[in-house]
Amino acid sequence: MQAKRTGFCRLSGIITVFFLAIGLARTLPASPLGSAGEGSHRFQFELFGGPAQPGLSAFNSLVDYDNRIQDFSYDRLFDSLRQRGGIISWANNQPSGRKKIALSFPLGMRFRYRVSRRVSVSLGARASLGRRETDFSFEYTRREPLDYEDRESVRYFPYLLSARGLAVLAGVHYNMSAYRKLTLEAFLAAGPVFSDCRYSSDWEYVWHRQGPDIDFDVSRMTGHLEEMGKGTGIAADAGARIQYPVMKRLAIFLEGVYSYQVVKKIRGKGREIRGDVETTWEGRWAIKKETIAAPWGTMEAEFPTNYWPEGSASSPVRDFRLDFSGFQARIGLCLLF
Amino acid sequence: MKRPIPLWMCVLSLILSPAGNSNSAPHVQEIRNEAGFMTIEPVSFYFHYGSYFSRLDLRSSEARMFYSFQAADRNPKDKPLFVFFNGGPASATSSGLMSMYTGRFTLDNRIESGGGEGYISNPVPWTRLGNLLYIDAREAGFSYNIMTRVTEELARWQEFNAQNYNPLFDAADYIRVILRFLARHPVLRSNRVVIVGESYGGDRATCMLHLLLNYAGYGGGREMFQDPSLSREIQEHFEAVFPGYLGRTVPPEVITRQFGHQILIQPSVPWGYREELTEEMLRRPGSELYRIGTEVGIPFRPDAYADRSEFLQAAGRDPYIYVKPDGWLNGFFGNAGRLLRTVSNLVRVTGADVTRLAEFYAAARTQAYRLADPDIFGQDEANVPAAVRVLFLDPAAREAAETLVEPGDMTAVFGLLQPWDRYFLGNNGNALWAFHVFNVAMKRGYEAHPADIRYGRMFLKNLVSVETFVTNAAYDLVVYSKAFAPSLARYWEIVDSARISKDPVGGESRPGRVLVTYKANAFPDIPAVGTRTIRFPLYDKSCHAVSLTQPVELFLDVAEWLRQRGFVID
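So the protein lines, in turn, are chains A and B. Take the first sequence: its position 304, counted from the start at 1, is 625 in the working numbering, and no numbers get skipped. Take the second sequence: its position 56, counted from the start at 1, is 93 in the working numbering, and no numbers get skipped.
Just so you know, nobody snuck in bad clues.
Where chain A lies over chain B, by a calculated footprint (3+ residues, C-beta under 8 Å):
no. : region
1   : 76-90
2   : 189-202
3   : 475-487
By construction, these hints were calculated from the structure, which means they are not laboratory data. Note that the structure is predicted; figures quoted are calculated from it, not measured. Glycine included, each C-beta is placed from N, C-alpha and C at the ideal position.
Make a model of the complete structure from these sequences and hints.
Here you go:
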């Protein structure tokens, strides 16, 4: 519900800005340099946004890791128990699962100054937000001899991945006239990016045992896990655009951009609550390699974390990169004055 | 109405040493007999197989662990500390080793099982060898747990699970008691400690020594069981004993200067392989089971019995001593449990005035519990291996039923307990169930069952640096001594061979050794181990409880073994 409301507000904001821009354009006096798209204005103010497929593969690998841990700790364990005769059968009821950040919707603005007929410079900012919040649960049931049944269920409310970046970009733009009023443009922009990320979950775990003579919760626990991080990196955009004037002082444009946006050094706090025990820490995000060696099998996995307890046997295998890089299609409004 | 304390108790309290109690007791400079309860606060620990975030978190309940200390006959400050415990797990030490020819008073083994009305003076007290510390396991013997919501039966059932009962946490309990006892007795703190475990006590000793020798790994994420607060407590202890290691991990070769000796009486370790081999060996023609079958007129047929326990039950023989009728050894344990519920007996055996122990009184244990269901021992046993049922659960069920009304005079002296509480339990059936049949750690795939082969590996690693004495009792079919060496050899990834040598060394009355030859790279962190020797004397008339059936022989062998290792025996 919260997510829907946030999306609605964002859309409302965009529409409001759109109509405000049109209104403002109508109230401004005509420029002596000519109409929009004809290079007659010195200054431009632009708003843009559009869907993007951010990289974020390292951050999203947390989902793969959690899925693999679940598979190893439940499916493979129960398979092993069934093969050895410890249980008769098992089943998992899981209507949905953890989800990765697949799409983001960067929004940006820039001021431009035309230094010549074909060349402009700009200063602007672009905010990227990738967020995936899911509520889901699973329940493993195992049947044992003599009508005993164990049910282990875990409910996540929610399971959240969130990554944000704010890039401040200085750019240079080269434009040329195309067919009729259309203008074509190529541009480059670069600058620092300030990012943060957050991985968190609230969960409830219940183990219920049922049999001919018993029917009770063997154990029940609630918990919370969060790992956060902040860091600074470099962002750069390279793109092309086509612009069309809709009024004297207002144009719309479409951009196709490749954005490079990588933050390598990220530090942050972590907190975990299991039952009535709370643990907090602070550390640098890096990729950890785990080898889980259990009697029923071995699993190797890599995942990002900022938890590096003192005396721990594991050490980082490589840096973690919060990487928003990827292609983006943008639509924007351009206000000329 | 509270009854006045009898006159004899007042007299005894004057002539006997004071009893220790509570963790806040001051440091004791004088070494005298004492008994008490050591409080173990709730502990957070976890199991994992290499992944911190997919661990199984557990938090124990508060325990009040009963201990009894008997000072050495001479120069106690210079003598080692022998730490005694029985097995089960969840079986009492008070009615086991404490009552069977180790302390100053003992049950009389000349009286057949179940007989006798009191304790006699022990002709071979181990107080000649050193100081003795007996510890009852969590919820066994006189030890009891504390919980909130104690009146709710469902909540009590939840207590009997891995957070309170698993082999490694059980061992951690014992280490905590020992280290706190030593901290409270500075004059003993640096003395050598000899661990004496019987039956499952062999597994417990294995876990304890592995925890002690590798303590950093039990707090830093490397081992399956993680108990960071224990790891810190061990570090603090060793920093006090070995000041040169302030702020540094103390290596095993230094730790064994204090914890370098174990005496294991019919140890179940290595339980898993030993159990497999025992069944295999006893099913071979000519085994003890065939001989028993011939004697009792019930021929042994391997295909007719699930395991040896079933056959021995049918044959009416005691698996702990197959030449005696069924229940013979449990009769002694039961007798000790009954006698110790009479306060004067407990005072006599411990040598301490237990009436001074506040934790004994009903008023101090309103949150205490011993059993989930006060009326019946209500666990389904159909899904349980015959051996576990016959050896552990059935006796515990019988005891729980027999003690619905407490025997002895403890109720009169200390007050009436809640229905789910008991002054004494020789075997805690609910705790046994949690160890053997159902606990969440075990069910989640962690090697938290005493029979898991992990514990044999740990025993073999301990053996590299810990001097070891293991009894070889001829009549014991529960822990079958003939399977001991072959079961060690089953660890082929560690061991090249484990063979028995009967060559006498230095005029020993009962020769016997197990020579364990390790593989070249048996342990990554230990260079070339070579061969290690386990003293393995034969007790040809002995049951499982060797100290009961051949006390003099055991005492002499232990004394000689210690003398050979530099211990001063007066």
